[in-house]
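**Student:** Given the coordinates of chain D, assemble chain W onto it according to the supplied hints.
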Amino acid sequence: MNSVILQIASKYIKGLLLIFAVLALFRGHNYPGGGFIGGLMAGLALLYDSFAFQAFQVKERLGSKPERYIAGGLAAVLLSFLPSVVGGKELMTGMWISIPLPVGEPFKLGTPFLFDTGVFFIVIGVTLVFVFSLTQKDKWK
Amino acid sequence: MNALVAFPILLPFVLIIVLLIFRTVRIAGYIALAGTFLLLMLSFVLFWMVRQQGVVVLQMGGWEAPFGITLVVDYLSALMLVVAAVILLSLAVYAPRFLPGEISITRFFQLFFALAMGLNGAFITGDVFNLFVWFEVMLMSSFVLITMGRTKDQLEGGIKYLALNLVGSMFFLAGAGLLYAKTGTLNMAHLAIILRDDCQAITMNTTAILFFMAFGIKAALFPLYFWLPASYHTPNIVISSLFAGLLTKVGVYAFIRFFTLFFVQDPRFWHPLLLIIAGLTMVAGGMAAAAHYETRRILSYHIISQIGYMIMGLGIFTPLAIAGSVFFTLHNMIAKTNTFLVSGMINKARGTFELKEVGGLFRQSPLMAVLFIIPAFALAGVPPLSGFFAKFILIKAGIENGNFVITSVAVITSMLTLYSMIKIWNEAFMKVQPANEYASRSFRKPSFGEYFPSLFLGGISLLMGVFAVYLFDYTLEAANQLLNPDLYIETVWKGGTGK
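Protein chains in written order, with the working numbering: chain D, 1379 to 1519; chain W, 9 to 507.
So that you can see chain D by itself, here it is in the shape it has in the complex (with noise of 0.2 Å):
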């Protein structure tokens, strides 16, 4: 599909989702939201994208392969891990720490979020993944 109006539609919407993406990523440990919701909107901001352009020059834009993506979003997921067992607590302990603000409550960032990031990135790349291959011609012998 070649419409200009969707393309250049897609510029704005695309910007509005990643927003609400991150922003789902953050609320989620408390409120609704979180690593797989955030994600499955981020992965939803570049299907559009690439309904309004071609797969490839999405792919292209990325600049890399989704299934590293995938690998970022795993190992940030281990790295999660690593806090709670050079602190000695059981493994997956969550552990916090809080960055005092100006203004307001202290900035509580703990593993749980490095935790949610694992899994926004990974949704991204599988969605990118799924996106890729539908889009292609696939050949069965």
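In short, the hints are calculated from the structure, not lab data. Computed from a predicted structure; not experimentally measured. Every residue, glycine too, gets a C-beta built ideally from N, C-alpha and C. No incorrect hints appear here.
The calculated DSBU-like cross-link candidates involving lysine-lysine, where the alpha carbons are at most 30 Å apart (straight line), are:
no., chain 1, residue 1, chain 2, residue 2
1, W, Lys160, D, Lys1437
2, W, Lys168, D, Lys1519
3, D, Lys1443, W, Lys160
4, D, Lys1519, W, Lys160
5, D, Lys1519, W, Lys364
6, D, Lys1515, D, Lys1437
7, W, Lys502, D, Lys1467
8, D, Lys1519, D, Lys1443
9, W, Lys356, W, Lys453
10, D, Lys1519, W, Lys356
11, D, Lys1517, W, Lys168
12, D, Lys1517, W, Lys160
13, D, Lys1515, W, Lys168
14, D, Lys1515, W, Lys160
15, D, Lys1437, D, Lys1517
16, W, Lys431, W, Lys364
17, D, Lys1389, D, Lys1515
18, D, Lys1392, D, Lys1437
19, D, Lys1517, W, Lys356
Some chain W residues flagged as far from chain D (calculated, every beta-carbon gap over 10 Å):
no., residue
20, Val33
21, Ile217
22, Glu362
23, Gly367
24, Phe400
25, Ala443
26, Phe460
27, Leu463
Covered, in the sense of this in silico footprint (three residues per stretch, anywhere, with C-beta under 8 Å from a C-beta of chain D), are these stretches of chain W:
no., stretch
28, 18 to 24
29, 57 to 70
30, 158 to 172
**Tutor:** The following block gives chain W in isolation, referenced to the frame of chain D:
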């Protein structure tokens, strides 16, 4: 030290990441080899820990037993982990030499370790819903593995496999939901506390039957096994052997775990049912194996037939019978994988799996014949190989407990096994090669790397037979732990956080 319990899951997880980053085919084989070897060492360490402590527990994330996910290793889990790691190691040697060029070895090993992760997770989890998750991990990775060769029959087999197994997963999920609604927990030890002295046995049977259906599909029991013969002969032989040794046995493991730990309220209903299904499974699988003339189909139906023996021990439900079930499962995982490995070698030598088209392999490669006869006779139950003792324990338990019908069915099915094994032996090895397009293929003797995995597994089959006493002691210990789960419950329930 208890953190080691999580490592059979974490190690394959790390290896998947490593294989996603380093995609060079040459390195992938070595990474897989090193990884599976580490996994085997790890399983031995866990087994040693179980021998010291009885039951080893890890509460994930520091959440105490009924709230978090508990990982538990007891004798049964540890034995299954060790044998699964042995099979994974031998396949890591075998796979690069037998995978066709169009399947990338790196991609294969990524999914191979995903399967290993699901498998190990299923063996060590102490939580019903977590078990469901590991089943799904296995299901997804095995579906991709089946369809990896990108042929139409693989797609067909893969979709049948996926569809029928998803029905099983739905039963599992429904069962887990009902169980949670009735008891308010999904932790296995907590379930055991609640359900073991439950007087309202009838209300629990509806839940148990859902799990019976779910595991029956996963383990390929008699009326539910149709996904197995529809799919196992389609993928590459490496992938078939991976599935043959491991997938259905997880269903059997889940059967043993559930029906000894907490579904024990109504033995007068369950044990006859298990015995009837076991007998039908043995006979149906054995008959179908006798009727086919394609090695992979014979061996696939034969997997089903052997599942019957494992469930038979569970149906008799004496310590000896459970020990026999566990012994049989361990022996069968090794020997069954080995027969698939040898049928891959036959295929490589002749280019076909059809027994009518091949022959004369004994003259060309006596070594291959020996490699076949070890697992074949082990499966048929010829002493001094492992299968003889496995069947002996089960049959002894059956006679002692007065289950004469199932015992005679088991003995007769052994004859069917022997028949189908001798059929492969006669057709592939003894008969003169028929004059057809496969006869003119130049024969190349299998290289060391090609026959080594089979030799390794054959050696283990032999050792399991020769040192059957020691293995029997361990399986009896496992059976005692399963039938008197006080230690299991206590270790999980007291927190076991090590503090």
